[in-house]
Structures are given as structure tokens and as C-alpha cells.
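Please work from the sequences and hints to get the whole structure.
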Amino acid sequence: MSRRGEGPARAGEPRSTGPAAEPGARAYGLEPLVLPPRPLPFPARPADGPWAESRLDTAAEDAAYTDALDLSDPDHAERLFWFRWITGHQASFALWQLTAAALAQASEASGKQRPAAVERALSFVRGYSALLLYTSSCSAGLYHRVIRPSMVRHHPAMSGSWASDYGWVRSLYSGREPLLKDECAAGLRREIELNTLVHEGVAETLVPSGASLFQTSVAQGGPRLESRNTLVTLYDLYFLTLRDPHATYESVVAQLEWRLKAICADISNNTLRPAVDGEEPMTAARLRDPAVVDIEWSVPTILRQAVRASRGCPAVLSGTRAPGSE
Numbered sequence: 001m002s003r004r005g006e007g008p009a010r011a012g013e014p015r016s017t018g019p020a021a022e023p024g025a026r027a028y029g030l031e032p033l034v035l036p037p038r039p040l041p042f043p044a045r046p047a048d049g050p051w052a053e054s055r056l057d058t059a060a061e062d063a064a065y066t067d068a069l070d071l072s073d074p075d076h077a078e079r080l081f082w083f084r085w086i087t088g089h090q091a092s093f094a095l096w097q098l099t100a101a102a103l104a105q106a107s108e109a110s111g112k113q114r115p116a117a118v119e120r121a122l123s124f125v126r127g128y129s130a131l132l133l134y135t136s137s138c139s140a141g142l143y144h145r146v147i148r149p150s151m152v153r154h155h156p157a158m159s160g161s162w163a164s165d166y167g168w169v170r171s172l173y174s175g176r177e178p179l180l181k182d183e184c185a186a187g188l189r190r191e192i193e194l195n196t197l198v199h200e201g202v203a204e205t206l207v208p209s210g211a212s213l214f215q216t217s218v219a220q221g222g223p224r225l226e227s228r229n230t231l232v233t234l235y236d237l238y239f240l241t242l243r244d245p246h247a248t249y250e251s252v253v254a255q256l257e258w259r260l261k262a263i264c265a266d267i268s269n270n271t272l273r274p275a276v277d278g279e280e281p282m283t284a285a286r287l288r289d290p291a292v293v294d295i296e297w298s299v300p301t302i303l304r305q306a307v308r309a310s311r312g313c314p315a316v317l318s319g320t321r322a323p324g325s326e
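Residue numbering for the sequence shown follows the UniProt record's numbering, beginning at 1 and increasing consecutively.
Careful: at least some of the hints might be erroneous.
Unchecked claim - Cβ pair distances, simulated, as ranges:
id: 1; residue 1: Pro74; residue 2: Asp244; range: 15 to 23 Å
id: 2; residue 1: Gly175; residue 2: Arg148; range: 26 to 34 Å
id: 3; residue 1: Pro74; residue 2: Ala44; range: 24 to 32 Å
id: 4; residue 1: Glu226; residue 2: Gly111; range: 46 to 54 Å
id: 5; residue 1: Gly141; residue 2: Glu226; range: 27 to 35 Å
id: 6; residue 1: Met151; residue 2: Ser174; range: 19 to 27 Å
id: 7; residue 1: Pro74; residue 2: Pro37; range: 37 to 45 Å
id: 8; residue 1: Gly187; residue 2: His144; range: 34 to 42 Å
Rather than coming from a laboratory, the hints here were simulated on the basis of the structure. Since the model is a prediction, treat every value here as computed from it, not as a measurement. All residues carry an ideal CB built from backbone N, CA and C; glycine is no exception.
As C-alpha cells, then:
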């Protein structure tokens, strides 16, 4: 994802156990993501020392981390939005695992620790909303020309329901998570509602017909679906995701940071919704809701807060920010 190697890790810095331990040598290059088969518990350690230090804490470094692309060149535009599609999904998978860890911690906690864990989950949900906007920031034309056909080639009925990590947070995003009834979860409930608004707006923008690949394949008498394990594996392979039972919570956070650092750099250089071929990407009415626009203008800040929350630092969500304030 970066233009250069970043050198050896500092003493005590968590490292991944798999091939995604080091950042890539290519700007906007894709890397394999290595996740544990299931979410791991939040580590019982204080938020100080090297563990509390984040690569995302210094916004001034973002613009130098990658090069700006000439988006008048179709190849550059496709390269950018393909990077956003894969990397944004990978970061979402990691956030889902961290969200599941926060929910488990909140369910088991009592006293002041419970609201803190709920606030951590809230930061991750807000981070996922920001990633949804980033991942889907291409025009509908480019989506249907480049991204959607790639999924059809991988599997004609490819569906987000095959994402194994989403299974750990499905009850939260569907509003059925018991923790949402807790008195301290009012903010989390509102965040889930906002995420639903973002998700619906993204779908309406990229696929105005509302017909998913799965629905289209079924309507056309597509092939019989394989076993659940096969579908999950196909989904992971498309998004360059591997499963390692030796992966650690710290390695998940480290890999998430590399991706979010590259995402923040990309936004610094190319903006969140760059014009391609002289045309601004169209957005559905839901994405013009003031609460969604607030997220859009605060994506780098929101992502930094999610990383800090993953390291046990207090979660402080941003308020409304004016355009260009990042």
C-alpha cells in the first residue's frame, strides 16, 4: 500500500503472523489480509507504551504515504477504485471482528467497564459506516463496468451474506443484539440506524434497480449454490483474505492500521469522491442526509478513532465538521 518499505518494527510492536506482516512496496497495491477464524477477545492490557501508539495518529503524514493519481486516465481511475473496493472490504472484515470482541466484552462487563465497551463498539460501527462511503465512492458507471463484472466472474450469485466475519455482528446490525436494550446503548442504537441509512444509500447509488447478483442469478435460473463452506472460502479468496488460527488480536489491529493509513492517504491525495472524466459521482438522497454528510467529511478522523478504540484508548466521536476541515 505504501511506496516504500517501512523498516523493522519497533520493540514491542505487534506483528502479523502471516504474509500481511509487512506493508507492500506499491502505492495502491493490494495485500493479503490474515484474520483468525473467529474474533479474539479484547486483550487485558493498559493503553500505554508501544501498544497505544498508532500509525494513524499523525494526519500530516497522510499525503506523503501514496501518490495522487491522474484520474483523467481510465487506467488510473480503475486502479484507484479497485484498490478502494478490495482494501475497504478488508478493513471492514477486521472491524467486524473487533466489533464482535467489543460486544463480548460489554456483555460480560459490569459497572463502568460496560459503557466503555459499548462506546468501543460504537466507534467500530461508525468506522464501518465511514468505510462503506469510502469503498463505494466510485461512480455507478465504473461499478457496473469494472467491479460488478469481476464478482460475476468469481461467482454469478456472489453475495455479501457469504462474508464469514459479518456473521459475528449480524445480530447487532439487524437490531436483534440483546445488548442494544441496555440503558447505556442508546448511542449505539442510533449509530446502527445511521449505518443502515448509509448502507441503503450506497446500494441505491450503485445499483438503482435494487437487484443484487444473488437475486439476478436466481431469477435467471443460475447454477445451484455450493456448500456454505465453499461459498465462504470463495468470498474470502475474492477479497484476498486468509484464515490463520495463530493470528492474534494485535495482528488484526496492526493489519487494520496499515489499510486505514493507506485509505487516509488516498483521501488526502484524491478526495473521497473524486471527479472522473469530469463528472462528479452521483449520490442517492439517503447519502445527502446531514448525518451521513457529517461522516463523509470526517472519514479520516473517524478511522483514527476506531484504531484508538481498538487499542483500548477512550473513544471520543467527532461532531459535525465543515468541509475541508481534515
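Structure-based check of all given hints:
no. : hint                          : verdict
1   : Pro74 <-> Asp244: 15 to 23 Å  : violated, 37 Å
2   : Gly175 <-> Arg148: 26 to 34 Å : holds, 29 Å
3   : Pro74 <-> Ala44: 24 to 32 Å   : violated, 50 Å
4   : Glu226 <-> Gly111: 46 to 54 Å : holds, 47 Å
5   : Gly141 <-> Glu226: 27 to 35 Å : holds, 31 Å
6   : Met151 <-> Ser174: 19 to 27 Å : holds, 23 Å
7   : Pro74 <-> Pro37: 37 to 45 Å   : holds, 39 Å
8   : Gly187 <-> His144: 34 to 42 Å : holds, 37 Å
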